[in-house]
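Engineer: Given chain A, work out where chain B should sit, using these hints.
Protein sequence lines correspond, in order, to chains A and B. According to this note's numbering, the first sequence is numbered sequentially starting from 108. According to this note's numbering, the second sequence is numbered sequentially starting from 108.
FYI, nobody ran anything at the bench for these hints, they're computed from the structure. Misleading hints may appear alongside valid ones.
Given that identical chains are not distinguished, each listed pair holds provided it fits within a single copy or across any two copies.
[Stated by the list, open to error] Below, a list of computed lysine-lysine pairs in the PhoX-like style, where the Cα atoms sit at most 25 angstroms apart:
| # | residue 1 | residue 2 |
| --- | --- | --- |
| 1 | Lys192 | Lys286 |
| 2 | Lys278 | Lys518 |
| 3 | Lys237 | Lys753 |
| 4 | Lys443 | Lys226 |
| 5 | Lys397 | Lys651 |
| 6 | Lys421 | Lys226 |
| 7 | Lys286 | Lys518 |
| 8 | Lys444 | Lys218 |
| 9 | Lys186 | Lys518 |
| 10 | Lys617 | Lys209 |
| 11 | Lys239 | Lys208 |
| 12 | Lys209 | Lys651 |
| 13 | Lys444 | Lys208 |
| 14 | Lys651 | Lys718 |
| 15 | Lys321 | Lys399 |
| 16 | Lys443 | Lys218 |
| 17 | Lys208 | Lys443 |
Just so you know, these numbers come straight off a predicted model, no measurement behind them.
There are 2 protein chains.
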Amino acid sequence: MRNRVIIENVHPEINSGQFFIKRIPGEKVFITADIFGDGHDHIRAALLYRHESQKRWTEIFMDEHPNDVWAASFQVEKKGVYHYKIEGWIDHLLHWHDGFKKKYEAGQGMKVELQIGAKYLRDTARLYPKAKADILIQFAEKLEDENAYEQAIETALSPRFSQAVYDFPMKQFQTVYDKNLQVRVGWEKELFSTWYEIFPRSTAEEPGQHGTFKDVERLLPRIQAMGFDVLYFPPIHPIGKLNRKGKNNTVDAGPNEPGSPWAIGSSEGGHKAIHPELGTMEDYKALIKKAKTYGIDIAFDLAFQCAPDHPYIKEHPDWFLWRPDGTIAYAENPPKKYQDIVPLNFESEDWKNLWEELKSVILYWCEAGVRIFRVDNPHTKPFRFWEWAIAEVQKEYPDTIFLSEAFTRPKVMAELAKVGFNQSYTYFTWRNTKKEMEEYLTELTQTELREYFRPNFWPNTPDILAYELMNAGPNAFAKRFLLAATLSSNYGMYAPSYEFMENTPHTNGKEEYLNSEKYEIRHYDWNHRNRLTEMITKVNQVRKENPALQTTWNIHFTRTDNDHLMSYVKYNDDKSNIVWCIASFDVEYKQSGFIEVPKALLGIERNVNLKVTDLLTGEVFHWFNEWNYVELNPDKYPAHVLLVEKPQR
Amino acid sequence: MRNRVIIENVHPEINSGQFFIKRIPGEKVFITADIFGDGHDHIRAALLYRHESQKRWTEIFMDEHPNDVWAASFQVEKKGVYHYKIEGWIDHLLHWHDGFKKKYEAGQGMKVELQIGAKYLRDTARLYPKAKADILIQFAEKLEDENAYEQAIETALSPRFSQAVYDFPMKQFQTVYDKNLQVRVGWEKELFSTWYEIFPRSTAEEPGQHGTFKDVERLLPRIQAMGFDVLYFPPIHPIGKLNRKGKNNTVDAGPNEPGSPWAIGSSEGGHKAIHPELGTMEDYKALIKKAKTYGIDIAFDLAFQCAPDHPYIKEHPDWFLWRPDGTIAYAENPPKKYQDIVPLNFESEDWKNLWEELKSVILYWCEAGVRIFRVDNPHTKPFRFWEWAIAEVQKEYPDTIFLSEAFTRPKVMAELAKVGFNQSYTYFTWRNTKKEMEEYLTELTQTELREYFRPNFWPNTPDILAYELMNAGPNAFAKRFLLAATLSSNYGMYAPSYEFMENTPHTNGKEEYLNSEKYEIRHYDWNHRNRLTEMITKVNQVRKENPALQTTWNIHFTRTDNDHLMSYVKYNDDKSNIVWCIASFDVEYKQSGFIEVPKALLGIERNVNLKVTDLLTGEVFHWFNEWNYVELNPDKYPAHVLLVEKPQR
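Isolated chain A (complex conformation) (with noise of 0.2 angstroms):
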């Protein structure tokens, strides 16, 4: 009950220390707290970290900043998870010298100030192994020396002392804050990863087959030529019989039809069986260990839930609710029922088998070597089950990521990256205007989110064809895309009707598309190329080229005199690679304005002529006022991409 230091109101801390924040090696985590003691004593604080496989606690000194705020940082360099927690202590030693130096100047008799600090420092030597007492002590021993004050006062003064005194802290009496607060550093792909999305099933050469894993590694020189490095594909399990949808989601699917991916499990076997049409087990493996020579992970779909004849239903009915006339509840939204789709029941009696098996399920996929889990609807699922399941399969398999299709509510979406998922699919998808856009980075990047919220922003997915993109050209597709890429590290795309401007919506008014892919067979024309396709691979090389688009973290907007224009720039910590995005929302006229050059921002002197690249384009412009006239025609190129290039000295 000695202890005087009051340390409170710690961020980052994400409810009250219940989750981990997250980050890959080499970025920082920035800490500050309210730290304040009673009286006018000196107070100091530190921040300890710790990897878990180390005992020793690192320490840093925080540094004091107006209102009782204290803040310092670390970088965190090893995979798996680090450890803080806060220390405050009154620190008389330091208090002591600082009067001293105040007395010295008033002309006050020193005597007894110096012996007073010997004392503190023979004090404060005890705290320390010997290498470290001893300079303490040594400074002591001048101190006292009472044949030599005029040098003792010199030596209390020095700048040598005052390091000590820094050094050295006199800590006792510390409050500590610790609430088990925890950093997980995970694989460098949770921040920087590019997503194809195809349905396997539409990758054969011939038209009306049933695509394959092999016809799948025909592609895999496209996609990494385009400068993708996830591949991702919908369910790969056998499609349920019973209730199939047909194309467009009519409810009665002619025999020739082949369903919804999404609707998974038959006789042919559940979750951890593969669609014979699509190939073997073994085509699979091969097929993830091809795409590795290409730099490339393929992503799974982890859907936990059933067709009406998945196996699950018969070995495990209690894993199901059961309505009294001895029928299945399926999956509905009353009135609408969704009869090839039955939701698992987490309240079962049995859910702490239903918990194991799906488990089984995520790691029976990483035997086969996944690394990548897309999963659908998490938030349909309780928020525990999720919390579990990832820390047990990331136990195993540090190397993993989950990314939850959640689009639903901000809470919800939040809650599943608290309880670990690794990315989060965002509402990039319906931010149109640069105030809405901005906004929205602003709250991801700015507020607590930050900490454990990584977005992947995707323009479209196979159930989504935005309002912006219903029957629209091919300059709101390349608006799209490079907005994506160049605001954030992850991004994807449902590739093919992407790249291909599918712009077609269903007739039911929703955002979907006409003839979805979900419900049939598509052949694609894999060898041709567009606008896009040259844009992709452009700006994904330019991704890949400059570390300032390989986070998320760092975007700085900057002013415009024109609202259809939005200005960003990325840089990474030592500024060595400042890209700096001008883009235009405007996808049909030329839009031009001044641009706020953010010389201040950078660090570069205002009177430097800057040079600056555009990368997509290759030109090189020179810009020396603190506004620069820009214009964009977006039959062209939705944005400027620049290279800042920052003069040496």
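Structural biologist: Frame of chain A, contents of chain B only:
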């Protein structure tokens, strides 16, 4: 692990439940939380609370608001501690019932639905005692009656059925949010008190005499007549003789100088003794009793520091810091030394006995009849000590008030309130413009501070002659008084100095009085009355008669078109008492302008002619328009204090 509802971001919750919030009987507690579940099932949530004397929780259903926010409130009635917690659950009965209605409207067959509902009703009935369960079972039987399909549907769609579904939720697998959240309900005077500060030694009838407690008794009728209900004295203990301070804080007091009452302790005794010239313990107790008959509580100054001749120093040398030359460490702010004051060393090895002794001091005065403690410089003693000491004392004497005299940094002041102080001095003294005042009141009443920090507004203290009052005329004194008394339900004044408008600053340029009463005995003409005497008397009467002015939390600012005019409305919960103040910040010139008439806020229709009565002047106005013209002459009144009569229908 089958609970599926998340509860987080609960307000109020101070430091994760470490500290209680504060109320007096009759006040409400408003609780909000983010509450949501996975999936689309309907959820419910309840707030549960109980007084510490009760075992059973009272349950109130929470209401859902946008963005997954849920809210509820409860009123505290009894003094002591209330506990509150939140429960949330998926309500299958409610979910089924909502779906039932939608399916019925869509014309679907309802036979199986009725059976499902009956089953949920029977499951729910098991959660309730017989009387309630019977209601549900009767409904179940009706739904199950296969011979009365139409009646069954009618039953399920009836308002009575909906009410039962609401009243008897199907609560299972509930998530319980219980962080031991507490409300301390204290003495009514914690929220509504009117303080009068005098130096009893300045109350003698004869000039040059030392005033006594008996002299103070003579003043009680005057103090009561002016409307004060707390009479606060600086420390009443023997004053140190060693290093005693002289007139105007000089270091060499003459032999007859009385010294500062805050330099506590001499050979005549310490913190449990009374300065002999003031009277005896019997006199003090008699005064407390007498004052009570006037409705006045005597407030005690708790200043835990010692004069150099305090008995503690010899009796408990280990409670103090000693210098290597054998001298005691005085209070200091280098290079300044305060040689009439020795601080206690709370880091003493003997800290337990020190704590116990200080607690015994407080209890000693409680036993003498004291119930209100104004604590001197609490921020120079450890927070943990106060947390313990106040809790210990209030266990034995729940109806006590501790006022924190800390004029320091915001977070330090807030922390003192968190650890238990019932009232706090504030920055009111230095808020001089309308903008500053509105911002400060908004911070005090609309942020988390509202839950634990109770302001007590003082325009002056013996330590502070605010810049705005230096050499100022009566209008300035009238204004600052009126703001304090109408903005805050707790206010006080260092009284004769304020009432008689002392305005001469010390020559040191600080906000200090010349010839401060801290260092000398004054003589006042207590029969003198002036404009301020009348105004104080009137305003305190208005405060007593109008419940709207007896709380600080009900302030609503309304707009004016003149930055010198501030308009604020206060009303009680049922709006049976509405007081509307319009204050001018200009003490020199008349100010006029249009003021928004807050009809919408008050729930008054637009076409009503509003009758308002100025409680200071008795003038009556009828205001019809949305904005109304007002003129204030600082030579008369600094404000309108209007009673708004809400028209009866």
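Engineer: The structure should be examined with respect to each hint, and the outcome stated for every one.
Structural biologist: Structure-based check of each hint:
1. Lys192 x Lys286: Both. Shortest intra-copy (7 angstroms) and inter-copy (22 angstroms) distances satisfy the 25 angstroms Cα cut-off.
2. Lys278 x Lys518: Between copies, since 23 angstroms is at most 25 angstroms while 41 angstroms is not.
3. Lys237 x Lys753: Neither, since 47 angstroms and 79 angstroms both go past 25 angstroms.
4. Lys443 x Lys226: between (81 angstroms within a copy, 22 angstroms between copies)
5. Lys397 x Lys651: For Lys397 and Lys651, only the intra-copy Cα distance (21 angstroms) is at most 25 angstroms; the inter-copy one is 85 angstroms.
6. Lys421 x Lys226: between (80 angstroms within a copy, 24 angstroms between copies)
7. Lys286 x Lys518: both (23 angstroms within a copy, 21 angstroms between copies)
8. Lys444 x Lys218: Between copies, since 16 angstroms is at most 25 angstroms while 89 angstroms is not.
9. Lys186 x Lys518: neither (28 angstroms within a copy, 37 angstroms between copies)
10. Lys617 x Lys209: between (74 angstroms within a copy, 21 angstroms between copies)
11. Lys239 x Lys208: This pair counts as within: shortest intra-copy Cα distance 24 angstroms, inter-copy 77 angstroms.
12. Lys209 x Lys651: neither (56 angstroms within a copy, 52 angstroms between copies)
13. Lys444 x Lys208: Between copies only: 15 angstroms across, 80 angstroms inside.
14. Lys651 x Lys718: within (21 angstroms within a copy, 73 angstroms between copies)
15. Lys321 x Lys399: within (15 angstroms within a copy, 95 angstroms between copies)
16. Lys443 x Lys218: Only across copies: Lys443 and Lys218 sit 17 angstroms apart there, 89 angstroms inside one copy, limit 25 angstroms.
17. Lys208 x Lys443: Intra 79 angstroms, inter 13 angstroms, cutoff 25 angstroms: inter-copy only.
Checked against the numbered hints above, the structure breaks hints 3, 9 and 12 and satisfies the rest.
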